[in-house]
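**Q** Given the structure of chain X, go ahead and fit chains W, A and U onto it with the hints provided.
Spelled out from the first residue to the last, the chains are:
Protein chains: 4
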Amino acid sequence: MSVRVGILGGTGAVGQRFIQLLDGHPEFELAAITASDDSAGTPYRDAAKWRVDSPIPDDVGDITVRATEPDAVPDDVDLLFSSLPSGVAAEVEPDFAEAGYVISSNSSNARMADDVPLVIPEVNPEHLDVLDVQRDERGWDGALVKNPNCSTIAMVPTLATLDRFGLDRVHVATLQAVSGAGYSGVTSMEIIDNVVPHIGGEESKMETESKKLLGSFDGAEISLHDVDVSASCNRVPTLDGHLENVWAETEEDIEPEDAEDAFRDAPTLDLPSAPDSLIEVFDDPSRPQPRLDRTLGGGMQVAAGGVQSTPSGVQYNCLAHNTIRGAAGASLLNGELLADRGWL
Amino acid sequence: MSVRVGILGGTGAVGQRFIQLLDGHPEFELAAITASDDSAGTPYRDAAKWRVDSPIPDDVGDITVRATEPDAVPDDVDLLFSSLPSGVAAEVEPDFAEAGYVISSNSSNARMADDVPLVIPEVNPEHLDVLDVQRDERGWDGALVKNPNCSTIAMVPTLATLDRFGLDRVHVATLQAVSGAGYSGVTSMEIIDNVVPHIGGEESKMETESKKLLGSFDGAEISLHDVDVSASCNRVPTLDGHLENVWAETEEDIEPEDAEDAFRDAPTLDLPSAPDSLIEVFDDPSRPQPRLDRTLGGGMQVAAGGVQSTPSGVQYNCLAHNTIRGAAGASLLNGELLADRGWL
Amino acid sequence: MSVRVGILGGTGAVGQRFIQLLDGHPEFELAAITASDDSAGTPYRDAAKWRVDSPIPDDVGDITVRATEPDAVPDDVDLLFSSLPSGVAAEVEPDFAEAGYVISSNSSNARMADDVPLVIPEVNPEHLDVLDVQRDERGWDGALVKNPNCSTIAMVPTLATLDRFGLDRVHVATLQAVSGAGYSGVTSMEIIDNVVPHIGGEESKMETESKKLLGSFDGAEISLHDVDVSASCNRVPTLDGHLENVWAETEEDIEPEDAEDAFRDAPTLDLPSAPDSLIEVFDDPSRPQPRLDRTLGGGMQVAAGGVQSTPSGVQYNCLAHNTIRGAAGASLLNGELLADRGWL
Amino acid sequence: MSVRVGILGGTGAVGQRFIQLLDGHPEFELAAITASDDSAGTPYRDAAKWRVDSPIPDDVGDITVRATEPDAVPDDVDLLFSSLPSGVAAEVEPDFAEAGYVISSNSSNARMADDVPLVIPEVNPEHLDVLDVQRDERGWDGALVKNPNCSTIAMVPTLATLDRFGLDRVHVATLQAVSGAGYSGVTSMEIIDNVVPHIGGEESKMETESKKLLGSFDGAEISLHDVDVSASCNRVPTLDGHLENVWAETEEDIEPEDAEDAFRDAPTLDLPSAPDSLIEVFDDPSRPQPRLDRTLGGGMQVAAGGVQSTPSGVQYNCLAHNTIRGAAGASLLNGELLADRGWL
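Chains as they are written, first to last, in numbering that gives the first Met the number 0: chain X, 0 to 343; chain W, 0 to 343; chain A, 0 to 343; chain U, 0 to 343.
This is chain X alone, in the form it adopts within the complex (with noise of 0.2 Å):
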């Protein structure tokens, strides 16, 4: 059984990302990409600066890029991956469900909606079935689906298996990659030999978005947790993968093995992209390291090391690839969640 996808917006650098990861997928077959207008009817071979590590798969080269507009998309199409920028997301997502179609979204716009799911799937599924309200409240056929900022994915999954504790207040402190901001989003002159601490609005959405996420759905709305999230987001000198230090505070004490073994015994989902398991644990207090660990599980790892207990909880650090688990992998997961519940 094959699903006809299309992406929204794919040919910048999530969306080379979703093409990537899209090239061989057991269940999705790619039908369409939209792009903005001058992109329109261009080979997207043209279209897209491709600079991802492994060539275009031939048979995309060839696709002819579409306007990002539900009429230019064939009707046959029953998911699309979004990776618009969130202002044209915010315009053109509503639309597009309007339309019928079901859109597993990577951007930032709505995330925090009442009736729209922010996903990952081993950590919140059920909060899927909050699509029933959005339906009825918003007249749509289709459906909007998001997942949360890559920051928020790598941290999250480590946080929630800790719940059983009792999370109570979380600091952390991130060290993202260049490539989080887009092909241009830092300059070399920037981050040569450097670090920017601040990211703007980005520790907001790890503030936010994790309540949402570890949050309960009681069948008709999401609770956020009561979780007390600081962040502080920092720009290092790396490519790829996002590393965070974390401190969790929780009601119950816990030694490093407890939760350790919370992390190793995190759920895992039978979905073509989940990885084995959820969480990668590193006895060896230096890793997880960005360049090294990024490309667990094809990058849907993630990973977790230098537990230490504090006095009100643990500390450790935790990891995941930023583009893959935590952009257009993250998108692609919550379209193979969506597919197995029957959301197509």
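The hints are simulated quantities; they were obtained by calculation from the structure and are not laboratory data. Computed from a predicted model, the values in this text were never measured in an experiment. Misleading hints may appear alongside valid ones.
Dumping the calculated SDA-like pairs for lysine to any residue here, alpha-carbon to alpha-carbon at most 25 Å [said to hold, decoys possible]:
{"hint": "1", "chain 1": "W", "residue 1": "48", "chain 2": "W", "residue 2": "183"}
{"hint": "2", "chain 1": "X", "residue 1": "204", "chain 2": "X", "residue 2": "91"}
{"hint": "3", "chain 1": "W", "residue 1": "48", "chain 2": "W", "residue 2": "107"}
{"hint": "4", "chain 1": "X", "residue 1": "48", "chain 2": "A", "residue 2": "111"}
{"hint": "5", "chain 1": "U", "residue 1": "204", "chain 2": "A", "residue 2": "285"}
{"hint": "6", "chain 1": "X", "residue 1": "48", "chain 2": "A", "residue 2": "181"}
{"hint": "7", "chain 1": "U", "residue 1": "210", "chain 2": "A", "residue 2": "307"}
{"hint": "8", "chain 1": "A", "residue 1": "48", "chain 2": "X", "residue 2": "210"}
{"hint": "9", "chain 1": "A", "residue 1": "48", "chain 2": "W", "residue 2": "48"}
{"hint": "10", "chain 1": "A", "residue 1": "210", "chain 2": "A", "residue 2": "227"}
{"hint": "11", "chain 1": "A", "residue 1": "204", "chain 2": "U", "residue 2": "254"}
{"hint": "12", "chain 1": "U", "residue 1": "204", "chain 2": "U", "residue 2": "162"}
{"hint": "13", "chain 1": "X", "residue 1": "48", "chain 2": "X", "residue 2": "183"}
{"hint": "14", "chain 1": "A", "residue 1": "210", "chain 2": "A", "residue 2": "140"}
{"hint": "15", "chain 1": "A", "residue 1": "48", "chain 2": "W", "residue 2": "286"}
{"hint": "16", "chain 1": "U", "residue 1": "204", "chain 2": "A", "residue 2": "255"}
{"hint": "17", "chain 1": "X", "residue 1": "210", "chain 2": "X", "residue 2": "84"}
Heads up, incomplete: computed chain W residues facing chain X, CB under 7 Å, no partners named [to be verified]:
{"hint": "18", "residue": "172"}
{"hint": "19", "residue": "194"}
{"hint": "20", "residue": "210"}
{"hint": "21", "residue": "213"}
{"hint": "22", "residue": "246"}
The C-beta atom is built at its ideal place from N, Cα and C for all residues, glycine as well.
**A** This is chains W, A and U only, laid out in the frame that chain X set:
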């Protein structure tokens, strides 16, 4: 008035910074350089693999390197700066002190000893007086004074100014430059396009040294401050400048402006290497940055920025040049304080 | 005696270097800064995104930026430095020259025009006299002088000294810093862990500008040198400093010492920004290196090393700071030469 | 048919690449790993500090490391790959060959010896037959085969295809990755924001090895090619992939297309590790780039681009993965050739 000074272990990275900082010093005259036995007897120019970005001062290049033992150093040298490996320092620094030399040391040994002052001149100059106890107990004519670890120095000046609000608990994530590990401490294969989230012993140094620096001295004994510091230390691909994300919890509520005012009001000293103001405060939340701000005040100033309120205090970023304010400059300033207070 | 100077296009990367270099200049007083229309009317402090590693001089921060047109610049400004984008420069520099201003320009337009002197003061100061032809032909009261491209400047001073042996053919491979492309010219995704073996137009600039700089001037006309230069230009992950591998073929045989002597004997000028010696020669074959040697002579010196004989000449490496000796400092020195030779 | 193979010096950077490349090899089965005496007797997992970006193959982690001496290696091992330090290799490789082992070695010793084949399989496979002379003269049952230096391998495949036009003289500037110096060969302080224009012995290796590789073999003796190669070698801040700027002068004139056609027509071999085509040619003058193109053909392909005519030939850029095609993969391919030609 000129003081004749020497450097113990003058060929390494910190030793070279000592030489650079002493060049043209208004009060100190470099009279002796020691190194390991295989360098003894050779001109400094040949003994050191000079890597600082200003040339070796001409007269220094011609100095004959001496063995690192009291007999090899002239008696009329009054003050020794030490950047010996800590194992060596633990052996020979007491010998020099016993032989009558006053040593301002950057080496990590003995920093937490009860009768060894661990000093940042603008923070706890009064701790110097524990030298009376030291001389008493050890029967030394000389003296041994320490400065803290480079990562501690970047943070404690800011914490000291916040203690008026009742400093309670601190979380700190560091983004440390490779020079902190010495010239060969971090290989290029380890750190290009990478971050290493572990620096052996560093977290513990930050946690204990901070308590001593912020502690009180009653004329006989230094009492540790009861602040609880929890550190997470990362090596990043920068050359110089340790950047730190700090969350300081205080008994009293603080607004960002309160913290910024406190930073700006940090004490200053009238010593040759002391900066005009101890802490430079940035409004721009993306500052301080290592490459842009590490040389403020000739590398002797601490920079802070990004101050925000948290439910239990403030969070902010701070930065100091790790081999100047955090190492050679720290010892130099301690030496100036020793001279100023009449300990030579 | 003080000359009032202005900067055309003063907010960009080279413009900022002009301001840094003019701060405290013994002869030049900064009296006007122009920028694009949307910056005109605002204080320089707000118009420029300042990224140089020393603070904006206080009095400069308060200067109100002007539009880039002759009417907007005070008449008592005698000398203008230009770092305009070459397209803009091609339009407005002639207007300023016609209005009577003398312009020392770093922009790449018009460098090869017959009546425009392309000058490195220590190499071909006599070419300045082609300004008589320029004024004659164009009817200008002012004048337009150019300095060569940053990659050309690093090499030509060494080639000029080798011409006594009959310079014949040159192969040169460049390893150029990212600042050469402007602040946003090279993205971090392009260059971290990477090299780009192509810089648009750069090879051709090196090949043609060298022939003009090394050419002779008979009082009426500049004749191009017949040296054949073949360049291969690479962008590497360094911030500042262009390093170049040069093979120079000469009619006469040369020993390495001959070349080194020639380098050391390069002419010097008694101008405020001219270095004491033009070319610093290293014995250590691993020098010069960009990070260690780019600030020699305040960034105005050229460094050379690794000189070896080849069957038909010599090979060696050379280096210059691309935004100081290779750009802002080059124009500044040309301005000093213009003042010294009475062209203002 | 499976050949049992071993690795001499299997714990270092190249040794680790051997293990990665042998994992799942269709013909070779890893049966022994040797290392220095202090590692002998311990499981490979503990002996090696594994830094390759794929995990240690499970069965390899459990292999007990052996001493590097013929007695310690099982007799049924037919082929040994060597990545020993050249000093050690010079001592022990002859012992192994005398004991009957066939050695495909990446170590730099003995590459220019008359009776030792220095081979790139697609370039000079016929040189392998000098092994008859080697066995004759040295009385060995085994054999010793070498592959060239990593920087030589990136260039010689392209030069070999140009020899049809009468290869005359070559200038080459290299931009070499840090991994070429081994894991600890280049410190981060040396190379961040820097280039080092000297690699000890490298230029001479390129100059002499090229002449042997391009030389002819008459059944008894290898004659060196009379091409004159002049190299300038630079270390740049890239992790893997040596990029080279080449100027090749030829007796006949060549158009860029002639050179590109020659590159595309390079011979290929039907061996497991040989790429489908030896040289990938890029139209885009900014390619090849190390980070984007070093893994072409699994790291076994050479890439070329930027071909231009010069007055006496062509200039172009080429690239190869220095620790795969330039080291471990080179030896592996030689091993496959040895097996294919019946030398085992």
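**Q** Return the numbers of the hints above that this structure violates; sort them in rising order.
**A** Structure breaks hints 4, 8, 9, 14, 20, 21.
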